[in-house]
Amino acid sequence: MDNDAQMIKSMSNALIDLQVKYRAASVTDRMQIKPALDDLIQKFSQFQIALLKEGTITTDADMAEMANLKKEIDSAANKQQMIAAIAKTAGFIVKKL
Amino acid sequence: MVLIILVLSGCNQEKAEAVKVAAENFRSDAIVALNGMNYLFDQNVSVVRLSNEEEIESVVNDLNSIENVDDINSTLLDFWSDEADIGQASKSSIDSEFDNLKSQYYKFEAIFSSLEKGSYFAKDAVKKAEKYAIDLTLQLINFSRVIQDNDFRFASRRVLIIERMKVARLEPNEGLRNELLKNVAREFVELRLEEKKAKDETIRQCLKAAESGRVVAELIKDYDKMNVSDILSSIKSSMNFAAEITGGNENITGLLTKFEGVESTIKDDPYWKVVLEQDIIKN
Numbered sequence: 001m002d003n004d005a006q007m008i009k010s011m012s013n014a015l016i017d018l019q020v021k022y023r024a025a026s027v028t029d030r031m032q033i034k035p036a037l038d039d040l041i042q043k044f045s046q047f048q049i050a051l052l053k054e055g056t057i058t059t060d061a062d063m064a065e066m067a068n069l070k071k072e073i074d075s076a077a078n079k080q081q082m083i084a085a086i087a088k089t090a091g092f093i094v095k096k097l
Numbered sequence: 001m002v003l004i005i006l007v008l009s010g011c012n013q014e015k016a017e018a019v020k021v022a023a024e025n026f027r028s029d030a031i032v033a034l035n036g037m038n039y040l041f042d043q044n045v046s047v048v049r050l051s052n053e054e055e056i057e058s059v060v061n062d063l064n065s066i067e068n069v070d071d072i073n074s075t076l077l078d079f080w081s082d083e084a085d086i087g088q089a090s091k092s093s094i095d096s097e098f099d100n101l102k103s104q105y106y107k108f109e110a111i112f113s114s115l116e117k118g119s120y121f122a123k124d125a126v127k128k129a130e131k132y133a134i135d136l137t138l139q140l141i142n143f144s145r146v147i148q149d150n151d152f153r154f155a156s157r158r159v160l161i162i163e164r165m166k167v168a169r170l171e172p173n174e175g176l177r178n179e180l181l182k183n184v185a186r187e188f189v190e191l192r193l194e195e196k197k198a199k200d201e202t203i204r205q206c207l208k209a210a211e212s213g214r215v216v217a218e219l220i221k222d223y224d225k226m227n228v229s230d231i232l233s234s235i236k237s238s239m240n241f242a243a244e245i246t247g248g249n250e251n252i253t254g255l256l257t258k259f260e261g262v263e264s265t266i267k268d269d270p271y272w273k274v275v276l277e278q279d280i281i282k283n
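Sequence lines, in order, name chains A and B.
In terms of the working numbering, the numbers along the first sequence are unbroken and rise by one, the last being 97.
In terms of the working numbering, the numbers along the second sequence are unbroken and rise by one, the last being 283.
Hints listed in this document are in silico derivations from the structure and should not be mistaken for laboratory results.
From a predicted model like this one, the values you see are computed outputs, not experimental measurements.
Note that the Cβ used here is the ideal one computed from N, Cα and C, for glycine as well.
Watch out, some of these pointers could steer you wrong.
Derived coverage of chain A by chain B (criterion: at least 3 residues anywhere in the stretch with Cβ under 8 Å from a Cβ of chain B; other residues may be distant) [claimed, not checked]: (1) 35-45; (2) 59-67.
Anything over 10 Å on all C-beta distances counts as not near chain A; from chain B, calculated [said to hold, decoys possible]: (3) V21; (4) N25; (5) E171; (6) N173; (7) G175; (8) L176; (9) N183.
In silico DSS-like pairs for lysine-lysine, Cα to Cα no more than 30 Å straight-line [said to hold, decoys possible]: (10) A:K43 / B:K91; (11) A:K43 / B:K199; (12) B:K127 / A:K53; (13) A:K53 / B:K258; (14) A:K71 / B:K102; (15) B:K199 / B:K225; (16) B:K166 / A:K43; (17) B:K91 / A:K21; (18) B:K225 / B:K123; (19) A:K9 / B:K258; (20) B:K267 / A:K53; (21) B:K197 / A:K9; (22) B:K91 / A:K53; (23) B:K127 / A:K71; (24) B:K166 / B:K199.
Given only the sequences and the hints, what does the whole structure look like? Please build it.
Written out as structure tokens, the structure reads:
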């Protein structure tokens, strides 16, 4: 188990145990424990997201480029439609001749 | 000239349609995989939610435990309200990260949405999209490893099980205690199996999606050389393989090893290496 996995496991255990304590505590104690619980959940979530980012390859610039490629193909489609329309018109004219 | 282009386009149109279908398939598989990951990540930080009845009971218990009546005030009401939302903001931020990831696959699929209409003119753009097919495929292989290497628990359910274990352990009647302990032990074993099943299924979905992505990349790579029949046969054999992956017959370790091989092949192959390292020149 690498360090990240060990950290995830420790945070998970801490979150579970802290929730058990929290739920058994009086309201006065819960008021004091709640900030720690909030903080742990937030840090744990951020840690998980960081794991995800490490595995993320596509950047914002890549996202923009994918949109450009779509435009390029869309315009090719329009060009195709235009040629088809011209061909149709040409065919129509040929029939009339 | 117009007629020549139309004839050439007609030849390419079916191939373009096949690539479009493969890209849709890739997106669809990737979304299932990412939804599975999203669920695992949410469960790992999940907080026990109270039903309305449980909340009423909790408030009554709190009110009974307060010694000084002056402590019953607006701050206390605010606390109870905030308490009901514990963990919600973190869940939203995790969900939002996954929405961003999903949008990459929708964007990739969208590249090809009008491809069959302009198949003759779009060859260059299709070629440029190849890099993203490979990037997103490698991303999914990487995610499968992240899931495999880490523990994902259903935290809120573990909390409830610990509470039940404590109650059972403190039961004075021996017969009833053993019964309660047996029930909660069974719940724990079932939960552990559910956690493992969810994790394994998510890894399988990631690898299934990676296989769909690999096929799209291959189709783009060999687009000029392949005929429609080759393309459809490639998609079909990939779908068969994907069915084997999610069918649960192959073990996870074996599958991960196989896909590590796919990853090495992509990264070491002189052709893919160049594609991966290329900077796409903006038009």
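Each hint, compared with the structure:
1. Using a Cβ-Cβ cut-off of 8 Å, 6 residues of the region 35-45 of chain A lie near chain B, which meets the minimum of three, so the contact claim holds.
2. Counting residues of the region 59-67 of chain A whose beta carbon lies closer than 8 Å to any beta carbon of chain B gives 5, which meets the minimum of three for the stated coverage.
3. Separation of V21 of chain B from chain A is adequate, the least Cβ-Cβ distance of about 15 Å exceeding the 10 Å criterion.
4. Distance to chain A confirms N25 of chain B as a non-interface residue, since its nearest Cβ pair spans about 18 Å, more than 10 Å.
5. Every CB of chain A lies more than 10 Å from the CB of E171 of chain B, the least distance being 17 Å, so the non-interface label holds.
6. In this structure N173 of chain B is separated from chain A by more than 10 Å, as the shortest Cβ-Cβ distance comes to about 22 Å.
7. No Cβ of chain A approaches the Cβ of G175 of chain B within 10 Å, the least distance being about 26 Å, so the stated non-interface status holds.
8. Distance check for L176 of chain B against chain A: the nearest CB is about 21 Å away, which clears 10 Å, and the non-interface claim stands.
9. Distance check on N183 of chain B: its Cβ is at least 19 Å (rounded) from any Cβ of chain A, clearing the 10 Å threshold; non-interface status holds.
10. Straight-line distance between C-alpha atoms of K43 of chain A and K91 of chain B comes to about 12 Å, which keeps the hinted pair within the 30 Å bound.
11. For the suggested pair K43 of chain A and K199 of chain B, the alpha carbons sit about 22 Å apart, so the restraint of at most 30 Å is met.
12. Distance check on the hinted pair: K127 of chain B and K53 of chain A sit about 27 Å apart at the alpha-carbon level, within 30 Å; holds.
13. Between K53 of chain A and K258 of chain B the CA atoms are separated by roughly 24 Å; this keeps the pair inside 30 Å, and the hint holds.
14. A hinted pair counts as satisfied when its Cα atoms are at most 30 Å apart, and K71 of chain A with K102 of chain B qualifies at roughly 20 Å.
15. Distance check on the hinted pair: K199 of chain B and K225 of chain B sit about 39 Å apart at the alpha-carbon level, beyond 30 Å; violated.
16. In summary, the hint linking K166 of chain B to K43 of chain A is supported, as the alpha carbons are separated by about 28 Å, within the 30 Å threshold.
17. Restraint check for K91 of chain B and K21 of chain A: satisfied, since their Cα atoms lie roughly 21 Å apart, inside the 30 Å limit.
18. Under the criterion of a C-alpha separation no larger than 30 Å, the hint pairing K225 of chain B with K123 of chain B is consistent with the structure, at around 13 Å.
19. The straight-line distance between the Cα atoms of K9 of chain A and K258 of chain B is roughly 27 Å, inside the 30 Å bound, and the hint therefore holds.
20. A distance of roughly 20 Å separates the Cα atoms of K267 of chain B and K53 of chain A; the hinted pair therefore holds under the 30 Å criterion.
21. Pair hint K197 of chain B plus K9 of chain A holds up; C-alpha atoms about 18 Å apart against a cutoff of 30 Å.
22. Restraint check for K91 of chain B and K53 of chain A: the C-alpha separation of about 17 Å stays at or below 30 Å, so the hint holds.
23. With a C-alpha separation of about 14 Å, the suggested pair K127 of chain B and K71 of chain A falls inside the 30 Å cut-off, and the hint holds.
24. Between K166 of chain B and K199 of chain B the alpha-carbon distance is near 28 Å, which keeps this suggested pair within the 30 Å criterion.
Of the numbered hints given earlier, the model fails hint 15 alone.
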